[in-house]
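Chains as they are written, first to last, in my numbering: chain A, 1 to 244; chain B, 1 to 244; chain C, 1 to 244; chain D, 1 to 244.
FYI, nobody ran anything at the bench for these hints, they're computed from the structure. Warning: the hint list may mix true and false statements.
[Said to hold, decoys possible] Some, not all, of what chain C presents toward chain B, calculated at C-beta under 8 Å:
no., residue
1, 3
2, 45
3, 133
4, 139
5, 147
6, 166
7, 168
8, 179
9, 229
10, 230
Cβ atoms here follow ideal geometry from the backbone N, Cα and C, with glycine treated the same way.
Number of protein chains: 4
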Amino acid sequence: MANKIRVTIWNEYVHEVYEDAVREIYPLGIHGCIKEFLEKLDVNGELEIRLAALADPDQGLPDEVLNNTDVLMWWGHCAHHEVDDGLVQRIKARVYDGGMGFIPMHSAHMSKPFREILGTSGKLLWGEDQHEFIWNVRPGHPITAGIPEHIELDKEEMYGEPFMIPQPDELLFISWFEQGYVFRSGCTYHRGRGKIFYFQPGHEYCRSFYNEYVQRVLYNAVKWAAPNDFGCPMHNCDMRGSLV
Amino acid sequence: MANKIRVTIWNEYVHEVYEDAVREIYPLGIHGCIKEFLEKLDVNGELEIRLAALADPDQGLPDEVLNNTDVLMWWGHCAHHEVDDGLVQRIKARVYDGGMGFIPMHSAHMSKPFREILGTSGKLLWGEDQHEFIWNVRPGHPITAGIPEHIELDKEEMYGEPFMIPQPDELLFISWFEQGYVFRSGCTYHRGRGKIFYFQPGHEYCRSFYNEYVQRVLYNAVKWAAPNDFGCPMHNCDMRGSLV
Amino acid sequence: MANKIRVTIWNEYVHEVYEDAVREIYPLGIHGCIKEFLEKLDVNGELEIRLAALADPDQGLPDEVLNNTDVLMWWGHCAHHEVDDGLVQRIKARVYDGGMGFIPMHSAHMSKPFREILGTSGKLLWGEDQHEFIWNVRPGHPITAGIPEHIELDKEEMYGEPFMIPQPDELLFISWFEQGYVFRSGCTYHRGRGKIFYFQPGHEYCRSFYNEYVQRVLYNAVKWAAPNDFGCPMHNCDMRGSLV
Amino acid sequence: MANKIRVTIWNEYVHEVYEDAVREIYPLGIHGCIKEFLEKLDVNGELEIRLAALADPDQGLPDEVLNNTDVLMWWGHCAHHEVDDGLVQRIKARVYDGGMGFIPMHSAHMSKPFREILGTSGKLLWGEDQHEFIWNVRPGHPITAGIPEHIELDKEEMYGEPFMIPQPDELLFISWFEQGYVFRSGCTYHRGRGKIFYFQPGHEYCRSFYNEYVQRVLYNAVKWAAPNDFGCPMHNCDMRGSLV
Chain A
1 MANKIRVTIW NEYVHEVYED AVREIYPLGI HGCIKEFLEK LDVNGELEIR
51 LAALADPDQG LPDEVLNNTD VLMWWGHCAH HEVDDGLVQR IKARVYDGGM
101 GFIPMHSAHM SKPFREILGT SGKLLWGEDQ HEFIWNVRPG HPITAGIPEH
151 IELDKEEMYG EPFMIPQPDE LLFISWFEQG YVFRSGCTYH RGRGKIFYFQ
201 PGHEYCRSFY NEYVQRVLYN AVKWAAPNDF GCPMHNCDMR GSLV
Chain B
1 MANKIRVTIW NEYVHEVYED AVREIYPLGI HGCIKEFLEK LDVNGELEIR
51 LAALADPDQG LPDEVLNNTD VLMWWGHCAH HEVDDGLVQR IKARVYDGGM
101 GFIPMHSAHM SKPFREILGT SGKLLWGEDQ HEFIWNVRPG HPITAGIPEH
151 IELDKEEMYG EPFMIPQPDE LLFISWFEQG YVFRSGCTYH RGRGKIFYFQ
201 PGHEYCRSFY NEYVQRVLYN AVKWAAPNDF GCPMHNCDMR GSLV
Chain C
1 MANKIRVTIW NEYVHEVYED AVREIYPLGI HGCIKEFLEK LDVNGELEIR
51 LAALADPDQG LPDEVLNNTD VLMWWGHCAH HEVDDGLVQR IKARVYDGGM
101 GFIPMHSAHM SKPFREILGT SGKLLWGEDQ HEFIWNVRPG HPITAGIPEH
151 IELDKEEMYG EPFMIPQPDE LLFISWFEQG YVFRSGCTYH RGRGKIFYFQ
201 PGHEYCRSFY NEYVQRVLYN AVKWAAPNDF GCPMHNCDMR GSLV
Chain D
1 MANKIRVTIW NEYVHEVYED AVREIYPLGI HGCIKEFLEK LDVNGELEIR
51 LAALADPDQG LPDEVLNNTD VLMWWGHCAH HEVDDGLVQR IKARVYDGGM
101 GFIPMHSAHM SKPFREILGT SGKLLWGEDQ HEFIWNVRPG HPITAGIPEH
151 IELDKEEMYG EPFMIPQPDE LLFISWFEQG YVFRSGCTYH RGRGKIFYFQ
201 PGHEYCRSFY NEYVQRVLYN AVKWAAPNDF GCPMHNCDMR GSLV
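The task is simple: from the sequences and hints, build the whole structure.
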């Protein structure tokens, strides 16, 4: 890891371009909004943030970007299928072997990298936008630092259980939705050397990324997901001789 | 383990004795009600069920009972503090070393055996009786066999997060409560050689133990928690010599 | 699930065909050997066992076989790359949505289905055949029923940590190898509705499948991995309306 | 948490006083040795370290010390039974409700606070001092930062599986012992708001606390175990009204 945590915020950036209602909420794009609040919270200048989008050359993640990313944030929805399979494998390898952190948000539960990296179909129930309480079930975790008992969101898209994910390494948040549903809305995993945090808020028609606690959770998650200093190079199914 | 699964249902059996409203709902006591439905579901005669109560000699669990119990179910509330500390240690040892299954229900989250065996303060939020949906977040687990996506309870006492338990080995159910709360309502643990399943429904003023799915969950849990055939006697911090 | 547990033992079946030394140890093929001991242990006739191999039509797993398999056992090594990618996706879907059990053995840690289903690179260290002790770290689990403190194998191929797997849902066995290595040799996972058990012994030049405890572990695992009765059909990211 | 991480290193400090052989290895006491290397590694002055011993007033942990400790390290062996039960309950409450980190080392697996806080009998196998390799099974975790594939110790007391602990939240290290044994030697847990890390090296007749990687692991663990900023006060089974 370089001295700064090098964050790349990837957004498919389609809704904001084609839909007035979304662009009004996120005029800089969802990725632009996230960059803005991360920089605001980064009072000690520990982060170095880059944006990437589907329409960029190499879908925004050429080797020189991906290999110099410590934490990759991911927002996608209507264009999941357009993401290149080769890119997905490169992201996966960078998490597994390189220890890159990966933070899929909201509808990224059905994105190719999330499903490939985690081992999940990504299936869940969903419904219309409604009132949500995100309960903090793990006070004391670095990602919940500074987060109260619950976060209240006026409107978010309903995501409901059963969510067909592997049991999280750590379950940090559980959400209540007005119409009778619950959801494991904040989950950590590790895969290979990398750390993963899935967080549910962030529907393109809602204003969740402006909520100060949603912002704090994502800021905490970036710092938590940054790779550690490895004491050994990555092996590749090496043959080894006797140690004794 | 004997051929049959020897189940002991322990109930403090205080509310039913002193409160008309509770006795009307559970005329046989909560333990009596549980015995009745377990026997109904036990169509192959695999269970051998005994009742025990706080007012019984040795608080219902003399050595000859406890040492011949494969699965201990536990309901307690207003008399937690009256349970003998020595008994708690004997139950703990029977779980840890003997592999006895332990199924604490509802307000047993604050019982001495639950807190001692698990390592938890048992703290949670709570509120008045209200509508509850118990979501099945682990279809495919033996305890959720035959259980639909969710169980609906007209009224249950609200228990809410943060519930200060160790992260469950397996989280099976998450509950939604009408007034904005969520709860990890079905959790498995192992401790030593024993299996533990906590299940939240069962307030003394509610009729949850008459719900067919609540019944099925508890029946499944008894079968799941029964001890397995151990291939080795229990060691006790033995000193061992070289194997090679 | 049908009344019987329908087990399909898949083997790439290459070493036994082309190498005399392997065929001498496993004249029926590794799959044939496993079938034999499972049938020996199945004294109540609960299993219905089928064999499948890479060279069979549809690589041994046409839809009518796969869709009628409750538990799929998998042995592969030198021909991992020949397994059809479409088949891998069908197996994955059958585990995730159909709840099929999956039991990858030994060198299946690098097989396509293991890596796809679990989310792992499968990387590990390895070395020459040597003495192994498989320690039982979870007495009390159904898969370790009847298994002593440790299983001793005269010679097995060394597999060593770091094994780049997701942390197991349940870690059941840890192995000691003569030349200074350790390995998480028995691991359970769930993915979607399905249960997975990885078990390390089974090198083609060793006789581990003749060890009575290795046999008992695999027999226990088949019974553990069989799917449960689901109380609800599989959803597919359904939209849902208000419950309240 | 105060600006600095306030560490208290508790040692029963008996062997070093009464046995020449131990005092020769640890002339400052085991706690003194740990303080020395933590201070050496703490190049940015983030730690504030205090020593405490069984023979001190209030067994070294009066309220004004305990309530101002962020991370408590614990070494005990021959005097476990002398630790006051009231103190154990105060430590437990400080972990559960106050989020104090707790780092039990070596023979603290049988100490009262370890068993009470975790929910374990602490039982294991043990044997004479022998060669040990501590394998790093979780490269990428903050506690394994800078730690190579394995740590080699010339001689350590053998601790062996089955170790009757709850399955760790995260298993970081597995040890190989010369005479055929393995051990889960580095385990994280959370209990209530607090973080716990058990680490196995540290026999009083061995020199493990002088090993640079053992030192680094413990330094990393102190930083990992320090409590986070809680966004809400600790509740105590509070009753709550409707949020909607």
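How the hints compare with the structure:
1. Below 8 Å, beta-carbon pairs count as interface contacts, and residue 3/C has none with chain B, the closest being about 14 Å; its hint is therefore violated.
2. Taking 8 Å as the C-beta contact cut-off toward chain B, the hint placing residue 45/C at the interface is violated, the least distance being around 17 Å.
3. At about 7 Å, the closest approach between the beta carbon of residue 133/C and any beta carbon in chain B falls short of 8 Å, and the interface hint on this residue holds.
4. Annotation: residue 139/C was flagged as interfacial toward chain B, and the flag holds, the nearest CB pair being 5 Å apart, inside 8 Å.
5. At a threshold of 8 Å, the smallest CB-CB gap from residue 147/C to chain B is about 4 Å, leaving the interface hint in force.
6. Among the interface hints, the one on residue 166/C is violated; its C-beta lies about 15 Å from the nearest C-beta in chain B, farther than the 8 Å criterion.
7. For residue 168/C, the interface hint is violated, the least distance from its beta-carbon to any beta-carbon of chain B being 11 Å, above 8 Å.
8. Because the smallest distance between the Cβ of residue 179/C and any Cβ of chain B comes to about 12 Å, over 8 Å, the interface hint for this residue is violated.
9. A distance limit of 8 Å between C-beta atoms decides the matter here; for residue 229/C the minimum to chain B is near 5 Å, and the interface restraint holds.
10. Interface hint at residue 230/C: satisfied, since its Cβ lies 5 Å from the closest Cβ of chain B, which is below the 8 Å cut-off.
In this structure, the earlier hints numbered 1, 2, 6, 7 and 8 are contradicted, and the remaining ones agree with it.
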